[in-house]
Amino acid sequence: MERIPILKMGSFLLVTIQVDMHDQLAMNLQDDLTERIVKCNSKGVLIDISSLEIVDSFIGRMLGNIAGMSSILDAETVVVGMQPSVAITLVELGLSLKGVRTALNVEKGMALLRNALELDEEGDAGSED
Amino acid sequence: MNGSATNPANRGNLSAILDKHESELLAQWIAEQLGSITLRRDLMKESELRSQSGHFLSLLRAAAQKNNFTDTSRPEWDAIRDLLTDVSKSRATQGFTPSETAAFVFSLRSPLLGMIQREAGIDTSATASDLNSAAALLDKLGLFTFEEYQKTREGIINRQQQEMMELSTPVVRLFDGIVAVPLIGTLDSARTQVVMENLLQRIVETGAEIAIIDITGVPTVDTLVAQHLLKTVAAARLMGADCIISGIRPQIAQTIIHLGVDLQNVTTKANMADALVLALKTMGMVITRGQKPSRAPVHEK
Numbered sequence: 031m032e033r034i035p036i037l038k039m040g041s042f043l044l045v046t047i048q049v050d051m052h053d054q055l056a057m058n059l060q061d062d063l064t065e066r067i068v069k070c071n072s073k074g075v076l077i078d079i080s081s082l083e084i085v086d087s088f089i090g091r092m093l094g095n096i097a098g099m100s101s102i103l104d105a106e107t108v109v110v111g112m113q114p115s116v117a118i119t120l121v122e123l124g125l126s127l128k129g130v131r132t133a134l135n136v137e138k139g140m141a142l143l144r145n146a147l148e149l150d151e152e153g154d155a156g157s158e159d
Numbered sequence: 149m150n151g152s153a154t155n156p157a158n159r160g161n162l163s164a165i166l167d168k169h170e171s172e173l174l175a176q177w178i179a180e181q182l183g184s185i186t187l188r189r190d191l192m193k194e195s196e197l198r199s200q201s202g203h204f205l206s207l208l209r210a211a212a213q214k215n216n217f218t219d220t221s222r223p224e225w226d227a228i229r230d231l232l233t234d235v236s237k238s239r240a241t242q243g244f245t246p247s248e249t250a251a252f253v254f255s256l257r258s259p260l261l262g263m264i265q266r267e268a269g270i271d272t273s274a275t276a277s278d279l280n281s282a283a284a285l286l287d288k289l290g291l292f293t294f295e296e297y298q299k300t301r302e303g304i305i306n307r308q309q310q311e312m313m314e315l316s317t318p319v320v321r322l323f324d325g326i327v328a329v330p331l332i333g334t335l336d337s338a339r340t341q342v343v344m345e346n347l348l349q350r351i352v353e354t355g356a357e358i359a360i361i362d363i364t365g366v367p368t369v370d371t372l373v374a375q376h377l378l379k380t381v382a383a384a385r386l387m388g389a390d391c392i393i394s395g396i397r398p399q400i401a402q403t404i405i406h407l408g409v410d411l412q413n414v415t416t417k418a419n420m421a422d423a424l425v426l427a428l429k430t431m432g433m434v435i436t437r438g439q440k441p442s443r444a445p446v447h448e449k
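Just so you know, the protein sequences line up as chains A and B, in that order. Using our numbering, the first residue of the first sequence is number 31, and each one after it goes up by one. Using our numbering, the first residue of the second sequence is number 149, and each one after it goes up by one.
One chain only, chain A, in its complex shape:
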């Protein structure tokens, strides 16, 4: 069965979607990713969709859902590298992925995740005092 690889990088998970998403693939990704987040106790998920050129409403919603699920599992989620045409399509479909962090590329997405985690730790440290 076709699957999208999920790479573990420290406390982050990296998902790069290199093929055109179809519905089953998205469902598999949803299962795999949630499982991996729990198993690895990940604090951040980075989804790179720079190679994704075609989205429909289902894939758009799945992206939102996956990000939402990761957030519930206490992992910051960043979607990076969205193509202009994909962004326009999603907006026209009325899916603006509210509550999902976005970044222009993997590098910036990583920086964003690190920042978010540092802030979290500082916040935790502050509350302990």
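Hints in this document: simulated from the structure, not taken from any laboratory. Every value quoted in this text rests on a predicted model; they were computed, and no experiment measured them. Mixed in with the good hints, there may be bad ones.
[As the list claims (entries may be wrong)] Estimated spans, in silico, between C-beta atoms of each pair:
id, chain 1, residue 1, chain 2, residue 2, range
1, A, Val68, B, Arg321, 41 to 51 Å
2, A, His52, B, Val320, 36 to 46 Å
3, B, Thr186, A, Glu83, 34 to 44 Å
[To be verified] Among chain A residues calculated to face chain B with C-beta under 10 Å, some are:
id, residue
4, Gly98
5, Val109
6, Gln113
7, Val116
8, Ile118
9, Val121
10, Glu122
11, Lys128
12, Val130
13, Arg131
14, Lys138
By construction, the Cβ of each residue, glycine as well, lies at the ideal position given by its N, Cα and C atoms.
Knowing the structure of chain A, use the given hints to seat chain B on it.
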């Protein structure tokens, strides 16, 4: 107009008149045009008018030999239609009014009909039929001129719209990682699309993290325009760039609130300067006032 089959002799008549009196007709026609108030000496030279008229008459004579005056869409009229298209195009771009343009063909009516009458002498039945077909022919050609004029004008308007669309949506790189779109003119769906595509493309190219959309030049913001703005902001956000909307004038702020448009989730600033400061601050940059550079050397030279 079903005379073409029943009365071919008279059809030949018109063609014969054109053959016989072409130069005289041309002289009369040009005199008619020169004497008319629709002549625009300020826009066109007399020599150009003469050459156009002469060319038209010779083509008309050639076309008339086929003796078909009812259907000007037939191939023998191609040359004349091309000429009229050219004339209409050049006059439309020169700034002639529609009636001044159509007058080119319509002014031929009086000389041509006069000529037919004179030629036919007392044979009134033949004259009536000839006059009829000649008048109908000129009407058709005149209307054709008119349509071509209209087409040219529409072409000009379309082109200008296109140019405006392209010109008025530049995406400016303000600073490393900051781009700005100064919007000028009304935002409709088509323009929003262009703006959005340009902006997103530039965000990818420059790797900008912040985009400032300046709406100082947008005359009115209604719910539709606001929706278009929000769409652009959402699309930029999906790409990973934050948007700031700047240049909101007092009346616009009032309209937005009265219309109940929700801009709470979008950062807004009153002017571009504030937006730029905020953008720099968001990127963790600090602006400090340093030593002013001495201006003296510049003035010396």
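For the range 34 to 44 Å, tell me whether the beta carbons of B/Thr186 and A/Glu83 fit it or not.
-> About 58 Å separates the Cβ atoms of B/Thr186 and A/Glu83, which means 34 to 44 Å is violated.
Using the C-beta atoms of A/Val68 and B/Arg321, is the stated range 41 to 51 Å upheld?
-> With a Cβ separation near 43 Å, A/Val68 and B/Arg321 satisfy 41 to 51 Å, so the hint holds.
Using Cβ atoms only, decide whether A/Gln113 comes closer than 10 Å to chain B, and label the hint accordingly.
-> With Cβ-Cβ at 8 Å, under 10 Å, it holds.
Go ahead and decide if the range 36 to 46 Å is satisfied by the Cβ distance of A/His52 to B/Val320.
-> At 40 Å between Cβs, range holds.
With chain B as the partner, please determine if A/Arg131 meets the hint condition of a C-beta pair closer than 10 Å.
-> holds (8 Å)
With a cut-off of 10 Å on the beta carbons, see whether A/Ile118 makes it to chain B.
-> holds (5 Å)
Does A/Val116 pass the interface hint, meaning its C-beta sits closer than 10 Å to a C-beta of chain B?
-> holds (8 Å)
Proposed interface contact between A/Gly98 and chain B, which counts if any beta carbon pair is under 10 Å | violated (15 Å)
Interface hint compliance - A/Glu122 to chain B, C-beta minimum distance less than 10 Å | holds (8 Å)
Taking 10 Å as the limit, does the beta-carbon of A/Val121 come near enough to a beta-carbon in chain B?
-> Result: holds, 5 Å to nearest chain B Cβ.
Would the stated hint for A/Lys128 survive a check requiring a Cβ distance to chain B of less than 10 Å?
-> Holds: closest Cβ of chain B sits about 8 Å from A/Lys128, inside 10 Å.
So, A/Lys138 near chain B? Judge it on the closest CB pair being under 10 Å.
-> holds (7 Å)
Taken one by one, the earlier hints fail for this structure at numbers 3, 4, listed in ascending order.
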